[in-house]
Amino acid sequence: MFKPLIKKVRENSNNPSILPENNSDEITENSSKDNKNSLEHENSSSIHTHRRSDSNIQQSLRNEPRSSSTSHEAENKDELVKSLSDMFSPYSEEPVSINNYMRILKSWIDSKEEILRQKDDTIQRLMQETLHLQNEMTILRSQVTDLQNLKEKNTSDNSAKVPYLQKQIDTLRSDNENLKLTIKSLRIQLSDVESDKKTENERHEIEIQNLKQALIERDSIIEQQDKRLLIDHETRAIQTDEDQSFVQVLAEPDVDTISKLQAELDDKNRVR
Numbered sequence: 023m024f025k026p027l028i029k030k031v032r033e034n035s036n037n038p039s040i041l042p043e044n045n046s047d048e049i050t051e052n053s054s055k056d057n058k059n060s061l062e063h064e065n066s067s068s069i070h071t072h073r074r075s076d077s078n079i080q081q082s083l084r085n086e087p088r089s090s091s092t093s094h095e096a097e098n099k100d101e102l103v104k105s106l107s108d109m110f111s112p113y114s115e116e117p118v119s120i121n122n123y124m125r126i127l128k129s130w131i132d133s134k135e136e137i138l139r140q141k142d143d144t145i146q147r148l149m150q151e152t153l154h155l156q157n158e159m160t161i162l163r164s165q166v167t168d169l170q171n172l173k174e175k176n177t178s179d180n181s182a183k184v185p186y187l188q189k190q191i192d193t194l195r196s197d198n199e200n201l202k203l204t205i206k207s208l209r210i211q212l213s214d215v216e217s218d219k220k221t222e223n224e225r226h227e228i229e230i231q232n233l234k235q236a237l238i239e240r241d242s243i244i245e246q247q248d249k250r251l252l253i254d255h256e257t258r259a260i261q262t263d264e265d266q267s268f269v270q271v272l273a274e275p276d277v278d279t280i281s282k283l284q285a286e287l288d289d290k291n292r293v294r
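Numbering (the numbering used here), first residue to last: 23 to 294.
Please keep in mind that the hints were generated in silico from the structure rather than gathered at the bench. Hints may be right or wrong, so weigh each one.
Unchecked claim - Here are the simulated lysine-lysine pairs, DSBU-like style, with alpha carbons at most 35 Å apart:
1. K202 to K220
2. K220 to K141
3. K206 to K173
4. K128 to K141
Working from the sequences, and respecting the hints, build out all of it.
The following block contains the structure:
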């Protein structure tokens, strides 16, 4: 009755030689408890990882880019776009701009979160299969014990049934050994999934830190541009005041010059 289950485990496993016919290793009750505790710990760690990742997404989305219309800011904006385009070139075929920067960032984070959710689903599935196989193994042990007790009690009266019972015992033992190997393989798969998830989380954290640093540098550039614009505005205001003073001086009448001109005009009139 365990052949379909063993066949299913073979098909789902990446290792084609996952289930040899016999193995003499014994699995104790303590190892089953340790495995269950380890799987529960991994599930809890996965939940905390999602919460940290959600917090990082919310913090990144609060850093909205500011826009400006001056020529200096346009040049720095082009440099920033080129930097972001180089950073996101593995994830997008279109050139990155400030306007769609946060959209691409959120899409990239969502894809990483989807990968982590798939890893968690795999862990849950493997946990359920492991628990199911452990229960089956316990049942098999109980059946083997019952058959052995029955054999000892009825040896004299049921000598004709001994070969049949012995065959059943051998079959159950073989299935039990195969289940042990299956559990061992599932543990290896759980370890591989855990390692992949840990590596993915570390890479995810590094990339998030790089993106945060890029945002900080961009904000610093924008702040410097704002200061430069403020200084230019103040300089223009001072220059405007000086120009107005010069025009006002030119507009004021020169009394001496007017007197000289009037005297010359009077002389000309007298000559006539």
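Tell me if the straight-line CA distance from K128 to K141 falls inside 35 Å.
holds, 20 Å
Can the restraint linking K202 and K220 be considered satisfied, given a maximum Cα separation of 35 Å?
Measuring from Cα to Cα gives roughly 27 Å; hence the hint holds.
Verify the proposed pairing of K220 with K141, using a straight-line Cα cut of 35 Å.
holds, 11 Å
Can you confirm whether the C-alpha distance between K206 and K173 stays at or below 35 Å?
Roughly 31 Å separates the two Cα atoms, so the pair holds.
This entry satisfies every hint, going by the numbered hints stated previously.
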